[in-house]
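From the two separate chains plus the hints, produce the assembled complex.
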Amino acid sequence: KAGVTQTPRYLIKTRGQQVTLSCSPISGHRSVSWYQQTPGQGLQFLFEYFSETQRNKGNFPGRFSGRQFSNSRSEMNVSTLELGDSALYLCASSSDRYTGELFFGEGSRLTVL
Amino acid sequence: GQQVMQIPQYQHVQEGEDFTTYCNSSTTLSNIQWYKQRPGGHPVFLIQLVKSGEVKKQKRLTFQFGEAKKNSSLHITATQTTDVGTYFCAGGANNNDMRFGAGTRLTVKP
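So the protein sequences, as listed, match chains A and B.
For what it's worth, this note's numbering labels the leading residue of the first sequence as 1, then goes sequentially.
For what it's worth, this note's numbering labels the leading residue of the second sequence as 1001, then goes sequentially.
In case anyone wonders, no lab produced these hints; they're calculated from the structure.
Treat the hints with care, since some could be wrong.
Said to hold, decoys possible - With a cut-off of at most 30 angstroms between alpha-carbon atoms, the simulated DSBU-like pairs for lysine-lysine come out as follows:
(1) B:K1070 <-> A:K57
(2) A:K57 <-> B:K1057
(3) B:K1109 <-> B:K1059
(4) B:K1059 <-> B:K1070
(5) B:K1057 <-> B:K1109
(6) B:K1070 <-> B:K1051
(7) B:K1036 <-> A:K57
(8) B:K1070 <-> B:K1057
Computed from a predicted model, the values in this text were never measured in an experiment.
If we strip away everything but chain B, and leave its shape as in the complex, we get (with noise of 0.2 angstroms):
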């Protein structure tokens, strides 16, 4: 069945470093979803991908979907404390339901 792989599970960085989060199909997408989830809170959705190649830039955080819609990444630049949460991205195939990742913890250090 469809599986999301999602890395890194941790990521720990100063105020300032850029971050990245990697998401993996196993099969192809028809679209993308990513999402955040602040300590204690529930996820948020962020923006959705869905066409090849496609990248979207949101403030600091820069999303792009891969060619073979198969993969995607959450890139964030010079990383803020309000940045603290859990990533996550949720692909959609072949009107299958939407499978998240096992997301990234981001820490922030000021």
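If we strip away everything but chain A, and leave its shape as in the complex, we get (with noise of 0.2 angstroms):
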């Protein structure tokens, strides 16, 4: 079956701007987790969203917001970009997101000029 797909995969933004990206888990998962990777800081924790309720939110300001659609996909969109916003944005689906598999896109890399 197809993986969980990411777009776009590759984006430059200014400061200022904002960026909307977009999930499709993999058919059957109903959990959608997001997660920010930059070097050396590893992967950070976004959200969380399962039957489009967000179940779980790291420390991130709120210029960071998701949201799960009826057929799960996700999105997420930062505003009012900053250059440290920089980052592969990872998105990851779970039949089971407490203590299932996370199955990760390829990411969306992000550069904020």
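Right under this line is the structure:
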């Protein structure tokens, strides 16, 4: 079956702009999590959605938001971009968020100039 | 809140040497997972441990979960160049989300 699909794969924005990233989970997976990855910082948890509800949220400012649709596809939005937001944003889907294996997408690499 | 610490941050070994990365949590975990991320790739699931003191093996890889369920380790015997990448542990606790360690980046000199 198809894996986790993230779009766009690469994008360049300037400070102050906003960006929306999309994630299509594996068919049948209802949990979608988002992570920010920067060199030396590992994977920082942003938030997790299950059946259109945000179940958990990491320690990121309110500029970072997300949502999940009825078909389990998820989007995350970052408003008022800052240089420090440059990172690889990874989406992971799971059939069971708390104990199940995470399946990661290839990621969306955001560069903020 | 739940924190997962992982050491070392970097490890460079000669091919054929062993490698170990350690993961420690500030809270008791319900389960721990290990992932491998190849350079330029995305994390890929390796294994999950759930029982206190559990040990699992995958060929040259040995995974352990501590008795107190607060620490874990991944040991690779006789490393190969194909083992290159960053190894992450991720801990889950009390229905909180899986939190990742910072990862150990392994390089192997042929």
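Do the hints match the structure? See the list:
1. B:K1070 <-> A:K57: Given that 30 angstroms is the threshold and the Cα spacing comes to 22 angstroms, the pair holds.
2. A:K57 <-> B:K1057: violated (33 angstroms)
3. B:K1109 <-> B:K1059: holds (21 angstroms)
4. B:K1059 <-> B:K1070: Holds - the C-alpha atoms of B:K1070 and B:K1059 are around 25 angstroms apart, at most 30 angstroms.
5. B:K1057 <-> B:K1109: holds (24 angstroms)
6. B:K1070 <-> B:K1051: holds (11 angstroms)
7. B:K1036 <-> A:K57: Given that 30 angstroms is the threshold and the Cα spacing comes to 24 angstroms, the pair holds.
8. B:K1070 <-> B:K1057: The given pair, whose Cα atoms are some 20 angstroms apart, holds under the 30 angstroms limit.
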